[in-house]
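Q: Listed here are the chains, written in short residue letters.
Protein chains: 2
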Amino acid sequence: MTAETTVNHEEKAYALLKADAEKILKLIKVQMDHLTMPQCPLYEEVLDTQMFGLSREIDFAVRLGLIDSEVGKGILGELERELSLLHEAFTNNKK
Amino acid sequence: MTAETTVNHEEKAYALLKADAEKILKLIKVQMDHLTMPQCPLYEEVLDTQMFGLSREIDFAVRLGLIDSEVGKGILGELERELSLLHEAFTNNKK
Numbered sequence: 001m002t003a004e005t006t007v008n009h010e011e012k013a014y015a016l017l018k019a020d021a022e023k024i025l026k027l028i029k030v031q032m033d034h035l036t037m038p039q040c041p042l043y044e045e046v047l048d049t050q051m052f053g054l055s056r057e058i059d060f061a062v063r064l065g066l067i068d069s070e071v072g073k074g075i076l077g078e079l080e081r082e083l084s085l086l087h088e089a090f091t092n093n094k095k
Numbered sequence: 096m097t098a099e100t101t102v103n104h105e106e107k108a109y110a111l112l113k114a115d116a117e118k119i120l121k122l123i124k125v126q127m128d129h130l131t132m133p134q135c136p137l138y139e140e141v142l143d144t145q146m147f148g149l150s151r152e153i154d155f156a157v158r159l160g161l162i163d164s165e166v167g168k169g170i171l172g173e174l175e176r177e178l179s180l181l182h183e184a185f186t187n188n189k190k
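In order, the protein sequences belong to chains U and P. Using my numbering, the first residue of the first sequence is number 1, and each one after it goes up by one. Using my numbering, the first residue of the second sequence is number 96, and each one after it goes up by one.
Extracted from the complex, chain U is given alone in its bound form (with noise of 0.2 Å):
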């Protein structure tokens, strides 16, 4: 095991993050494209408990050393900013 494996863990670290934060992205695509619909109720509590666990796992990163902060709040920032269009749309759809 070489110095690659150490790089590797990092590289696997921001791949495995980047992935979960798409999953998070598509849930939020898929409510965006039925605003029409009568939102499931549960679906802010699925996609906070989802956001909750994702931080978890960047905070976990971060504390190994195998990404950097910033790096994990860039992940966050991205969803938080996606998360707030969706609550705009919401409210605007209701008027």
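If you're looking for bench data, these hints aren't it; they were derived computationally from the structure. What you are looking at is a predicted structure, and each value in this text was computed from that prediction instead of being measured.
Using C-beta positions, here's what the derived DEER-type ranges look like:
{"id": "1", "chain 1": "U", "residue 1": "A89", "chain 2": "P", "residue 2": "L130", "range": "39 to 49 Å"}
{"id": "2", "chain 1": "U", "residue 1": "F52", "chain 2": "P", "residue 2": "E117", "range": "18 to 28 Å"}
{"id": "3", "chain 1": "U", "residue 1": "L25", "chain 2": "P", "residue 2": "D128", "range": "42 to 52 Å"}
{"id": "4", "chain 1": "P", "residue 1": "A110", "chain 2": "U", "residue 2": "K95", "range": "49 to 59 Å"}
Only some residues are given here: those of chain P computed to face chain U with a beta carbon under 7 Å:
{"id": "5", "residue": "H104"}
{"id": "6", "residue": "K107"}
{"id": "7", "residue": "A108"}
{"id": "8", "residue": "L111"}
{"id": "9", "residue": "G148"}
{"id": "10", "residue": "R151"}
{"id": "11", "residue": "E152"}
{"id": "12", "residue": "F155"}
{"id": "13", "residue": "R158"}
{"id": "14", "residue": "L159"}
Note that CB positions come from ideal geometry on N, CA and C, so glycine has one too.
For chain U, the structure is supplied; the task is to place chain P on it using the hints.
A: Chain P alone, transformed into the frame defined by chain U:
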């Protein structure tokens, strides 16, 4: 960076997970020691949320190949046993 860094990651991952599990164990013990006091209704939700967070960290560490899935199950299993002892103590305490 040599292979040690990799073993270092594995050891560090395990140590972080055990430390996070220890925090949850302390939460359970505090509750166990104050059974007679009126239970804070949110307590169970706090414990559930913390258990969910830890399970996501463990799953992440397993997917990264930093810990063995059986080791991860062991950490969670121990906490789940403590949690069921706590629930039992609650129920008996109410009788």
